[in-house]
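Asks: Given chain A, work out where chain B should sit, using these hints.
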Amino acid sequence: MSTPTAVALEDAKVAFRLGDGRVYTAVEKAHLTVAQGEFVAIVGPTGCGKSTLLNVAAGLLKPAAGSVRIFDRPLAGLNRDAGYLFQADALFPWKTALDNVAIGLEIKGTPRAEALPRARKWLTSVGLGAFAGRYPHMLSGGQRKRVALAQVLIRDPKILLMDEPFGPLDAQTRQVMGNLLLDLWNADRKAVLFVTHDLEEAIALADRVVIMSAGPSSRIIGDWQVSLPRPRDIFEVRLDKEFHALHREIWSVLKDEVMKGYAQSTQAAEAV
Amino acid sequence: MSRPTLFALQVLVAVVCIVLWQVLSTVPVFGKILLPPFFFSNPFDVFSQIVKWFSSGVIWKHLGITLAESILAFVIGSLGGVLVGFWFARQPIVAAVFDPYVKMVNALPRVVLAPIFALWLGLGIWSKVALGVTLVFFIVFFNVYQGVKEVSRTVLDNGRMLGMSERQLMRHVYWPSALSWMFSSLHTSVGFAVVGAVVGEYLGSAAGLGYLIQQAEGVFDVAGVFAGMFVLSAFVILIDYGVTLVERRLLVWRPTASDGRG
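Just so you know, the sequences run in chain order A and B. With this note's numbering as the guide, the letters of the first sequence map in order to residues 1 to 272. With this note's numbering as the guide, the letters of the second sequence map in order to residues 1 to 262.
Only chain B is shown next, with the shape it has when bound in the complex:
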């Protein structure tokens, strides 16, 4: 299928959905409106709500906050994950001792931590960052741990025979291998950073996209909820696109970028 055809079909899906939504929520079928506006709003209202947000400029503040939280959660979570992953992989005893606890914390649904973070860190951005960090950390940690442990035996021996010291092995073998594993999970970890931020905002905050959706829901403003969801999706798609660009740049040495996605 050619690219323009594919694109046209993709647009067609959206158009059909929106038209169906608009028609079913405004035109009665057999004397009954199938999508009552109170529960489903309609595309026109949702769209005008989005336009209002952007034209008045209120949305930028919320987007900015959510973006900042996501970035902080991603950076801190990744750094922690890389450091601990490396440490555990190089120190099997430490890894063995902590293993049950790591599994325990990872098994915990992270949402239940949100109230505690709100208590500890207040309603500002840091409680959301903390929630995002707990999500991102484990993804990166497991990947780096795996990456360091599964360095090819032959490549390692080759490094040794070429005369690499432990430090050089770290830099030329373990580190790139771990990073490649981390980058292969980039889409997932960035996605979870956003999830952490938005869920945190939803559960208690004064700004951000999650806050916007929660506020609209609080006054039964269904158009606002849908508008918030659409802005959020567009936001995530944009970030994901950015990640794809970074990935293409950094993983040129990989056979194909799509192979390595974790």
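Next comes chain A alone, as it looks inside the complex:
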């Protein structure tokens, strides 16, 4: 292995103590590495703990067992090398789009006079140059995601962690955002860990697709290389033969887990 490992989860186990004292194991012995410059997508049925795994890589959650290494150093506290794109709206509602982007720099001590022009540049590169003075509630869902993307990228993190970032968007906007993400990523190829429940999105974006089993105690049950050529266009790549072959292959594994996950969630609902 010549390229260094950006993220390494080694037999990470994540468990929560429930209100009644029982222990709920969300993820069992997950082993996952992301090389520098690699785009890895995690796909799994609802409730399989894929977001949990991402939070472990971010340092927002501590694994109950196993270890997390970031650039070959054990992770203590929050992952300072990572930028995190949340599924829910995470912008500061009381700041304008421009201030929301600039804050990423200001936190590091960059003077405001220097941070603002750079924030403006980032807003332009996510296509929102004309919306600098808008507050988040004046922007559409897709525009808010663009601001969030700029907010994370302006800090130039070495690792990008993304938790179903385009989940709440409509289908067309998702594809547009996917292409934007690929364009931006192509510029400097950060290590990306991208969580999604959408297999098509995962194959279209990633270099590697990792499949998780249905929870609880979910495990990683598959790992596929995606060798579609880059740069890719998400609209085009879906028409590719190789895309279809890969999709069929991965779906045959994922389908059972989705069914299991669905059955479990309905059973749980009946038990309540």
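Keep in mind that the hints were calculated from the coordinates and are not lab data. C-beta atoms are modelled at their ideal positions from N, C-alpha and C, and glycine is treated no differently. Check before you lean on any hint, since a few could be wrong.
To be verified - List of simulated lysine-lysine pairs, DSSO-like, C-alpha gap at most 30 Å:
# : chain 1 : residue 1 : chain 2 : residue 2
1 : A       : K241      : A       : K255
2 : B       : K149      : A       : K108
3 : A       : K260      : A       : K62
4 : A       : K95       : A       : K121
5 : A       : K95       : B       : K149
6 : A       : K158      : A       : K121
7 : A       : K62       : A       : K13
8 : B       : K149      : A       : K62
9 : A       : K29       : A       : K260
Claimed, not checked - Facing chain B, a subset of chain A residues (Cβ under 10 Å, in silico):
#  : residue
10 : A58
11 : G59
12 : L78
13 : G83
14 : E106
15 : Y135
16 : P136
17 : R155
18 : L161
Unchecked claim - Rough simulated footprint, nothing fancy, chain A against chain B, three-plus residues with beta-carbon under 8 Å:
#  : stretch
19 : 152-160
20 : 173-185
21 : 249-255
Replies: Only chain B this time, still in chain A's reference frame:
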């Protein structure tokens, strides 16, 4: 409905009420005056009383005192509410210990405190300020407490992942969130500051709108009581308008200003 029509209708309500009042208190209906002047006065007398106050200038002193008391009560009460609200929200143990006492004091009708404040602080403005503070404090306190506790988990995590220290989280996340909650209760808390001032004056003082009303009542000058009430309402409406302007300026980032009113 167009704005001019609406305004015309609003004025019409006032005109009808005043005319009814004037007629019923001066013209006998079936040989009987329905609103005896001794109890109800009449609009003309009330109006001339107001004009007299303003033309002689005595009213300004009283307005000034009431305004000063309200502002002081609002500022001190808000400051205290913000500080304690923040402290409690960040220190759940402290909040849990004090919880029953906070509830107890808040359940107390604040008017009963007025005599004690008058004893402690005299009949000057500070006893009224104190009464206003006890009212304003709790409104602001509960709002700030709520605001800090209900900061969105995601926004907080985002702040952390962007590298914010505890102090930066305070400044960029907790503080704006708490302030927005405080401002959403601005109308209520400013209103209560005025209530505290006027009730305090009414119960014992030497100046202010409450004093004016109480004095008029003491000599059965019903026109004076009504005049005092009208001046007081106009005063509160003006202050409320000022608050609306401030709110519009400060809460631009809110979806709509009317949504957030507590």
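Asks: Against each hint, give a clear statement of whether it holds in the structure.
Replies: Hint check:
Simply put, A:K241 and A:K255 have alpha-carbon atoms about 20 Å apart, close enough for the 30 Å limit, and the pair holds. Simply put, B:K149 and A:K108 have alpha-carbon atoms about 26 Å apart, close enough for the 30 Å limit, and the pair holds. Simply put, A:K260 and A:K62 have alpha-carbon atoms about 27 Å apart, close enough for the 30 Å limit, and the pair holds. Of the supplied pair hints, the one linking A:K95 and A:K121 holds, its CA atoms being roughly 17 Å apart against a limit of 30 Å.
Note on A:K95 and B:K149: the hinted pairing holds, with a Cα-Cα distance of about 20 Å set against a maximum of 30 Å. This hinted pair checks out: A:K158 and A:K121 have alpha carbons roughly 20 Å apart, not beyond 30 Å. Of the supplied pair hints, the one linking A:K62 and A:K13 holds, its CA atoms being roughly 9 Å apart against a limit of 30 Å. For the hint linking B:K149 to A:K62, the alpha-carbon distance of about 23 Å falls within 30 Å, and the restraint holds.
Distance check on the hinted pair: A:K29 and A:K260 sit about 20 Å apart at the alpha-carbon level, within 30 Å; holds. With a least beta-carbon distance of about 6 Å to chain B, the hint placing A:A58 at the interface is held under the 10 Å criterion. Interface restraint check: A:G59 against chain B, minimum CB-CB distance 9 Å, threshold 10 Å, status holds. For A:L78, the interface hint holds, since its Cβ comes within 10 Å of a Cβ in chain B; the closest pair sits about 6 Å apart.
Annotation: interface hint on A:G83 holds; nearest CB of chain B at approximately 7 Å, less than 10 Å. The interface hint given for A:E106 is met, as the beta carbon of that residue sits about 9 Å from the closest beta carbon of chain B, less than 10 Å. With 10 Å as the threshold, the beta carbon of A:Y135 comes within range of chain B, its nearest partner Cβ sitting at about 4 Å, so the hint holds. Nearest Cβ of chain B to the Cβ of A:P136: about 8 Å, under the 10 Å cut. The hint holds.
Contact between A:R155 and chain B, as hinted, is supported at the beta carbon level, the nearest pair being about 7 Å apart and thus within 10 Å. For A:L161, the suggested interface contact is upheld, since its CB lies about 8 Å from the closest CB of chain B, less than 10 Å. Counting residues of the stretch 152-160 of chain B whose C-beta lies closer than 8 Å to any C-beta of chain A gives 7; at least three are required, and the coverage claim holds. Chain A is given as covering the stretch 173-185 of chain B, and this holds because 4 residues of the stretch bring a CB closer than 8 Å to a CB of that chain, at least three being needed.
Restraint check on the stretch 249-255 of chain B versus chain A: 4 residues with Cβ-Cβ distances below 8 Å, three needed, restraint holds.
Comparing the model with each earlier hint shows no violations; every hint is respected.
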